[in-house]
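Participant: Sequence:
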Amino acid sequence: SRNLYAGIGEGQSTTRPPLFDGTNYTYWKERMRIYIRSTNFQLWLVIKNGEEVPMKKVRDKLIPKTKDEFDAEDIKKVENYAKAINMLYCAVNPDDYRKISCCSTAKEMWDKLEVTYEATDQVREAKIDFLTQEYEMFRMKPGEKIGDMFNRF
192 SRNLYAGIGE GQSTTRPPLF DGTNYTYWKE RMRIYIRSTN FQLWLVIKNG
242 EEVPMKKVRD KLIPKTKDEF DAEDIKKVEN YAKAINMLYC AVNPDDYRKI
292 SCCSTAKEMW DKLEVTYEAT DQVREAKIDF LTQEYEMFRM KPGEKIGDMF
342 NRF
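Every position in the sequence shown, counted from 1, becomes a number in our numbering once 191 is added.
Simulated from the structure, these hints should not be mistaken for lab results. Any given hint might turn out to be false.
[What the hints assert, rightly or not] The list that follows gives simulated cross-link-like pairs (lysine-lysine, BS3-like), each with its CA atoms no further than 30 Å apart:
#1 220 / 247
#2 220 / 258
#3 239 / 303
#4 239 / 256
[What the hints assert, rightly or not] Okay, the calculated beta carbon distance ranges per label pair:
#5 252 / 285: 40 to 46 Å
#6 281 / 258: 23 to 29 Å
#7 343 / 306: 33 to 39 Å
#8 296 / 230: 16 to 22 Å
#9 343 / 296: 50 to 56 Å
Computed from a prediction, not measured in an experiment: that's the story for all the values here. By construction, the Cβ of each residue, glycine as well, lies at the ideal position given by its N, Cα and C atoms.
Model the full assembly from the supplied sequences, consistent with the hints where possible.
Facilitator: Below, the structure is given as structure tokens:
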């Protein structure tokens, strides 16, 4: 499915979110963060901080409001929750859509992508650093034949 998306050609659109094709997560994450903040900062807060259930006070106790009790502000918040989820769905390929579609909030979706891909990037960087250091420290042992050193390499 990545091949399908390779032909689309994303460009630098201000009306569409950056498309994550499953590679270079760190780059996509930063572009997506800026895109969301520039489109609607409230959506970024929903993704970053999670949703707040509209509440009401009953006998000094906070309980969730029913949908019929939502005021204009509550409706706007709930719309933003849905917009944030939709924006993330629109920004990922079908494989990643399947990974995040089980999440119930935009924050859960964002966090799942982060855990899935950021850890992978960090592990890859650590391996590269380790192998680079190992390569730089590689030396011929005293009395070792070139063929033996080559095999060890």
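Participant: Next step is simple, just say for each hint if it's right about the structure.
Facilitator: Results for each hint:
1. 220 / 247: Outside the cut-off at roughly 36 Å; violated.
2. 220 / 258: violated (33 Å)
3. 239 / 303: Distance ~12 Å between residue 239 and residue 303 Cα, so the pair holds.
4. 239 / 256: Holds - the C-alpha atoms of residue 256 and residue 239 are around 23 Å apart, at most 30 Å.
5. 252 / 285: 40 to 46 Å: holds (44 Å)
6. 281 / 258: 23 to 29 Å: The hinted range 23 to 29 Å holds for residue 281 and residue 258, with Cβ atoms some 25 Å apart.
7. 343 / 306: 33 to 39 Å: holds (38 Å)
8. 296 / 230: 16 to 22 Å: holds (19 Å)
9. 343 / 296: 50 to 56 Å: holds (52 Å)
The earlier numbered hints that this structure contradicts are 1 and 2.
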